[in-house]
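Q: What follows is each chain in one-letter form.
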Amino acid sequence: DAGVTQSPTHLIKTRGQQVTLRCSPKSGHDTVSWYQQALGQGPQFIFQYYEEEERQRGNFPDRFSGHQFPNYSSELNVNALLLGDSALYLCASSLFLTRGGSPQTDTQYFGPGTRLTVL
Amino acid sequence: AQSVTQLDSHVSVSEGTPVLLRCNYSSSYSPSLFWYVQHPNKGLQLLLKYTSAATLVKGINGFEAEFKKSETSFHLTKPSAHMSDAAEYFCVRRDTGRRALTFGSGTRLQVQP
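Chain order of the listed sequences is A and B.
Going by the working numbering, the residue at position 112 of the first sequence is 92; the numbering climbs one at a time, nothing skipped.
Going by the working numbering, the residue at position 105 of the second sequence is 145; the numbering climbs one at a time, nothing skipped.
In short, the hints are calculated from the structure, not lab data.
Hints may contain errors.
[To be verified] Short, incomplete list of chain A residues facing chain B, as computed with Cβ under 8 Å:
1. 22
2. 28
3. 49
4. 60
5. 63
6. 66
7. 87
8. 88
[Unchecked claim] Result set (DSS-like, lysine-lysine): computed pairs, CA atoms no more than 25 Å apart in a straight line:
9. 108(B) x 98(B)
10. 109(B) x 98(B)
11. 109(B) x 89(B)
12. -7(A) x 108(B)
13. 82(B) x 98(B)
14. 6(A) x 82(B)
15. 6(A) x 109(B)
16. 89(B) x 108(B)
17. 6(A) x 89(B)
Yeah, the Cβ is synthetic: ideal placement off N, Cα and C, and Gly gets one too.
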């Protein structure tokens, strides 16, 4: 059973460029979340996709955008890169649930991450 | 905003001695709480999760955590540390009806031979 996979593993870009990161969820999962982990810090939530729509967004600017495909895989796009965007970008997959009428996601499983360096 | 606080940024223990990593959470209606571990240059691995069932939760690799509502704590313990336990540990919450995980700042565990 393949777990969450991400590509590429490493990426080097210069300021002002654009980047696309890719994620394939664990088999059977339908929800993908993206997190940014700066050096020495805990991951921070960027956004979550379910049914090809952004369902929740963290405190990140519009330069960060995403997409989910019909096969549940996802892309994270970052435009106009800044030095501060250098980080480990983590993708997490999960299964969407409804409990007591309240939508939520089950346990999130993380991929190995993409290390982005902006020069 | 609801949060989690990891009380120690670094913990050092000797191999074979007990491990205690402390986590407090800000009060909320029935948060789900998790512990994840991150080994160097690797992704996050789920150790255990609490979702309002039993307050003592057993996880992988001999780790366990106890949910104490009166103390708003969710400390992670292991009876005997192994060298392979050296890693960064994150206490994490997810609030009811929310999709995002909120991470603590992490505790780096060192295991001395």
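Q: If a hint holds in the structure, say so; if it doesn't, say that too.
A: So, going through the hints one by one against the coordinates:
1. 22: 3 Å, holds
2. 28: Constraint on residue 28(A) satisfied, holds at 5 Å.
3. 49: Violated, about 19 Å.
4. 60: 24 Å, violated
5. 63: 22 Å, violated
6. 66: 15 Å, violated
7. 87: Because about 6 Å separates residue 87(A) from the closest Cβ in chain B, which is inside the 8 Å limit, the hint holds.
8. 88: Holds, because the Cβ-Cβ distance from residue 88(A) to chain B comes to roughly 6 Å (cut-off 8 Å).
9. 108(B) x 98(B): 15 Å, holds
10. 109(B) x 98(B): 18 Å, holds
11. 109(B) x 89(B): 15 Å, holds
12. -7(A) x 108(B): With Cα atoms ~46 Å apart, residue -7(A) and residue 108(B) exceed 25 Å; violated.
13. 82(B) x 98(B): Holds, because 23 Å separates the two Cα atoms, which is no more than 25 Å.
14. 6(A) x 82(B): 17 Å, holds
15. 6(A) x 109(B): Violated - the C-alpha atoms of residue 109(B) and residue 6(A) are around 33 Å apart, more than 25 Å.
16. 89(B) x 108(B): 14 Å, holds
17. 6(A) x 89(B): 19 Å, holds
Violated hints for the displayed structure, listed by number in ascending order: 3, 4, 5, 6, 12 and 15.
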